[in-house]
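Engineer: Listed in order, the protein sequences are those of chains G and L. Every letter in the first sequence is one number past the one before it in the numbering used here, and letter 361, counting from 1, is 361. Take the position in the second sequence, starting the count at 1, then add 1000; the result is the number in the numbering used here.
Note that these hints are calculated values from the structure, not bench results. Remember, it's a predicted structure, so these values are computed and weren't measured experimentally. Glycine is no exception: its CB is placed at the ideal position from the N, C-alpha and C atoms. Some clues are possibly wrong.
Said to hold, decoys possible - One side of the interface only, derived from the structure: several residues of chain G facing chain L at Cβ under 8 Å:
1) F88
2) H89
3) M96
4) V128
5) T129
6) E131
7) G199
8) L201
9) Y202
10) R204
11) Q214
12) R218
13) A219
14) R221
15) W236
16) G239
Claimed, not checked - Stretch-level coverage of chain L by chain G, calculated; a stretch enters the list once three of its residues show a Cβ under 8 Å from a Cβ in chain G:
17) 1019–1033
18) 1039–1046
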Amino acid sequence: MDVRSQISMVFHLDKCIGCHTCSIACKNVWTDREGTEYMWWNNVETKPGTGYPTKWEDQDHYKGGWEAKGGELELKSTSKRSLVPNIFHNPSQPSMDDYYEPWTYKYEELFNAPEGDDQPTAIPVSMVTGEPIDVESGPNWDDDLGGSEIYASNDPNMDGLNAEQRAQMLAIERLAFFYLPRICNHCMNPACVAACPSGALYKRGEDGIVLLNQDRCRAWRSCIPACPYKKTYYNWSTGKSEKCILCFPRLESGQAPACFHSCVGRIRYIGNVLYDADRIRELATLRDEELVEGQRSMILDPHDPDVIAAAKANGVPDSIIASAQKSPTYKYVKEWKIALPLHVEYRTFPMLFYVPPLLPVMSSTQGDVVKNDLDSLFADIEAARAPMEYLGKLFSGGNLGKLRYALRKQLAVRIWRRHVTVGDISEEKALAALNDADCTCEEADAIYRLSALSTFDDRFVVPPFQREMAIEMLEDPHEHRSSMGFGARVAPKRS
Amino acid sequence: MNDFFWFAVLPYVSVVLFLLVTIRRYQTSKFSYSSLSSQFLENQQHFWGTVPFHYGIISVLGAHFVAIVMPRSVLWWNAAPLRLFMLEVTGLGLAILTLVGLINICLRRLANSKARRVTSWGDWFIYGGLLVQVVTGVGIAVFHGWGSSWFAASMSPWIWSLAKLSPDVSYLATMPLLVKLHIINAFLIIAVFPFTRLVHILVAPNPYFWRKTQVVLWNWDRTRIRGTD
Chain G
1 MDVRSQISMV FHLDKCIGCH TCSIACKNVW TDREGTEYMW WNNVETKPGT
51 GYPTKWEDQD HYKGGWEAKG GELELKSTSK RSLVPNIFHN PSQPSMDDYY
101 EPWTYKYEEL FNAPEGDDQP TAIPVSMVTG EPIDVESGPN WDDDLGGSEI
151 YASNDPNMDG LNAEQRAQML AIERLAFFYL PRICNHCMNP ACVAACPSGA
201 LYKRGEDGIV LLNQDRCRAW RSCIPACPYK KTYYNWSTGK SEKCILCFPR
251 LESGQAPACF HSCVGRIRYI GNVLYDADRI RELATLRDEE LVEGQRSMIL
301 DPHDPDVIAA AKANGVPDSI IASAQKSPTY KYVKEWKIAL PLHVEYRTFP
351 MLFYVPPLLP VMSSTQGDVV KNDLDSLFAD IEAARAPMEY LGKLFSGGNL
401 GKLRYALRKQ LAVRIWRRHV TVGDISEEKA LAALNDADCT CEEADAIYRL
451 SALSTFDDRF VVPPFQREMA IEMLEDPHEH RSSMGFGARV APKRS
Chain L
1001 MNDFFWFAVL PYVSVVLFLL VTIRRYQTSK FSYSSLSSQF LENQQHFWGT
1051 VPFHYGIISV LGAHFVAIVM PRSVLWWNAA PLRLFMLEVT GLGLAILTLV
1101 GLINICLRRL ANSKARRVTS WGDWFIYGGL LVQVVTGVGI AVFHGWGSSW
1151 FAASMSPWIW SLAKLSPDVS YLATMPLLVK LHIINAFLII AVFPFTRLVH
1201 ILVAPNPYFW RKTQVVLWNW DRTRIRGTD
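For reference, chain L alone in the conformation it holds in the complex (with noise of 0.2 Å):
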């Protein structure tokens, strides 16, 4: 029963809530749609912090995201021990990394009064989240070996099922308990994404590689005001 909450319904539930907000958020709070960069009031720690952060979460989250989709090009790899054992350990140097990251930006936001003035309970509440994701995620790396594999076989497929709309929780029924955690988690952040900074995510600067250099904006139709004065 615990199972089918956590693992058939919280997950819809936030990914539904995750979709209402967000767009809902879009179309009304425009103006709140980044996050409240610190970098200019303290730029030294600055670059300690978000670096490692970011540029680890975003391949550990790659690394998840390929195994979901392809799990059996990522089983077909470990298939030899020298690669498995390469995988696991480049995942786990990633998932350090970024938890030095954050705890580096939760120390510098901390610790410096004007980055703190700019901090809320809303970065905080995430931060924890995050941190407890991360904590857990390096948790399962170290305690729980071959992590690689056993998610392309068992969780790659409960994902499929959530996906299909026909949940099967018996995929998780052996799972640890760091790896439950890990989930639960992970859809909790989900589910307070759109309330927070992390919509920043959603506004990747995609625009910018195929504009035109200059944007010019005109406020009347040029053909149409002429002779009209």
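Excised from the complex, chain G in its bound form (with noise of 0.2 Å):
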């Protein structure tokens, strides 16, 4: 047993309002740039939809993530053999026609322009080459576009569905859509660190934040197709990738990520778990089905004895056990089940969970009354707008049971909470329906009061993590702290 803390994250999706406001959060802080304007490290999108960058799901054209050939696990892009060939043209590299191409406009115009019969208008001019553009695509291109003919419509999940299936999502009266932020992952197994020719990329052992070290990073660009969620970019300006940081400089003084603090909805949590690192291998060769589960058992219970034992035998500080046992995401993750990882197939395992979204509450108005009808009031999870295949695909591996039982937990919860504080449900009928999704009042109760009434507290339980003491093995923190800044040596340009 090879027991490390690794930083894990839940997003619940039900909560989001698709604001944007982490992406701009994130833009703010790091990715305002040359080079770097198209990239943004957490993005909102619309589900079903293309996404960003268009179509990132769609694997056959991409080739992002691993493959389980025979028992053994391979990259699809860049695995050894196929490096040699590709290193000059990666065919399946994208392009920023596959992002967007960034733009700004050209605001002094608006008081230049000489005097005329028209107004003056700020025409938009391409950031990369500063000559006029047509804007034709941006980050959110397909924002709020559900139902859409030329978004929805395409979206890879689609692809599985039956017609009538389709039809329905498509469905002006019927649409479905729901938000779906994204930011790196921080896997367990990444794909992006496997593929780096260089070794620039690394998984840091103490907290599993995965990071590029920019000064080994000679342009192969292999982490780019080699990431399936697409969240390592490359910066034209350099000439070397980028990735989320997870805010670390942030962490290691304790506060949240910027897109985490910055959260209007309160979707987003935080904490370290205790896992398994000897059991990647053999786990991430399980079929589709069965990865849920199997990434669930290499997070190991932070209150059990043995596990204790394990991490303290292999160096993991009694500071950071002891947040583990804290973590709101191992409760989501391991204790409750209803939060799921994002597209599991691609058999990174990813570290960033999702709850994923129920149905919105129905009523409706009669003259001025709202009417609550009991019987409809909570629908049926299996008569979702959106369909249960379309979810499974997003959030299960395919393993539809694993997604009822985290939906229809969520729904009990729900029904408890609307018996214990408007009483129109009667105990029974709700103790019969936490019954029915395996929940207890006890943990309806506490699922009530972390997705709904969290303070920064509960929701942000960043581990110490000790980064003072590393610093000080090495060097004096004083000299370090006032010579290092937040750890850049040199300005990024090329000379």
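Bring the two chains, given one by one in their own frames, into a single complex with the hints.
Structural biologist: Okay, structure coming up:
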């Protein structure tokens, strides 16, 4: 047993309002430099939709993630065999057209334009070439276009649906969509790290954050097709790849990452979990439907004395074990089993989990009175507008049992809380719903509290990173602080 | 005198410059030690430039290397006229492949506004140098036949004399102008090599083939940090 601590995240999709505040927070902190304008380390997509970059889930095209071939795990894009023949031109490399060409406006022309018959205009100009461009797409061009013939119907996850389900998803009166905020998943088995010919990408041992050493990156760009989530990006100006760093300078000083901190819907949770790194190989070759359970079984119970002993033997500090015991993500993923990984079939074991979205509560108005019809207030999850098969493709590797479990439990919590707070549902009925969903009253209350009433401290259990001690071993921390700032030694400019 | 400068002084100046600056740049500016790829900005024409160019130039340089290291084997191979002819035709084919690739690279960088945006004056300088080199190379293959044989007989001994620090320029005295140009330009490219994007040649992904699949780095010594909270 090789017990390690890994930072993990949960996004509660039922609470996401699609406001993009997270994206803006991230953009302002990290990617407002030349060459990074097109990058959105954090982006929010509308599902069904084509996403960013366009159709990133189409792995026949982008060749992201791992393949299990006869018990062996191999990268789809850059296996050791295919690296050499593709080294000068990787055919699965996305180009800027797959994302979008960033632009700004010539605002000064609003003031400088000579007097004329027409109002002066600010024309859009490319942020790459500086020339005027026709804006054709942007980072969230399919925002809210849930029923669109162009965007929603080209969603790669729609492929597995039958004609009736597809029609249902696109029917104008019934169209269903939800938001999917995405950041780097800081996977347990990252394809980007495995693909890097220079060994520039690495996982931090202490917390599992995946980082990219800019001094070692040699612009092979193998990480970009390899990452199935397309969360490593090429900076065309410096010739280096860049990616989400999970705001590690913030984490190391006890703050949540900027996107978590700024989340208006309070959908984001962060905490560390203990896991057994020895089992990654074995579990990554399971069948698609077994992967959700496989990944769950790799995450260990931080209260189990054997696990604690093994963690200690492996050098995990007591404070990190204590932090894992309070982790909100552990509760969502392992205890309650209502948070699921996104596209687990890519076999990278993403450490960002999603609570799948439920239907909105249904009500109707008659005259001035809002009428809540109890029978239809909480519709059956099977009758949801977004077909179970669609959500299953996103969140459970096609294993609908795991998805149903998560949705049913969420629904039972709603019914139980309706009973407690409003009282128009009988206790008998509420208890029956909980029983069906493998949930107890205490658990339902705990889910309710962490989902609806949680404070910063409940949502963000940032483990103490002991960073100061790591630095103390190398040099004087005061000198380090005054000389290093947040970590860069030289300006990221090519000489 | 001129010959002495071009073929006994310049090579040493170039190689010393190459070694010093290459090492210094690696020490001080690892960040810049790669080629600034533009495939992300233009992904279609890219293939028709970079792929023929790289495969062509690597094969041609490999052939030069073999002729320098094993001149006797080359002469033995060329002893049969059919084999000599095959070698010459293959060499010319590879040189033309390189030239086509290089021309495509230059045209793409001129025509595509996004690719132009990331093309520096240093890039144009090196493309110019390479263009002269490849054109003179093709010219030699066309106008001065059986180069594989006289390279092994005259060029290799000259390069070995350079390596032994007793340069003997008499080997080159009777060489045609095109060949001399080819040699001079080659050493000029070696001299500017460490200042340009060509440094990417030195960072081939060798560790990839034997390193572990996943890279995990620890900030702290795991056995020492325990119990310190």
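Engineer: Please write out, lowest number first, the hints stated earlier that are contradicted by the structure.
Structural biologist: none
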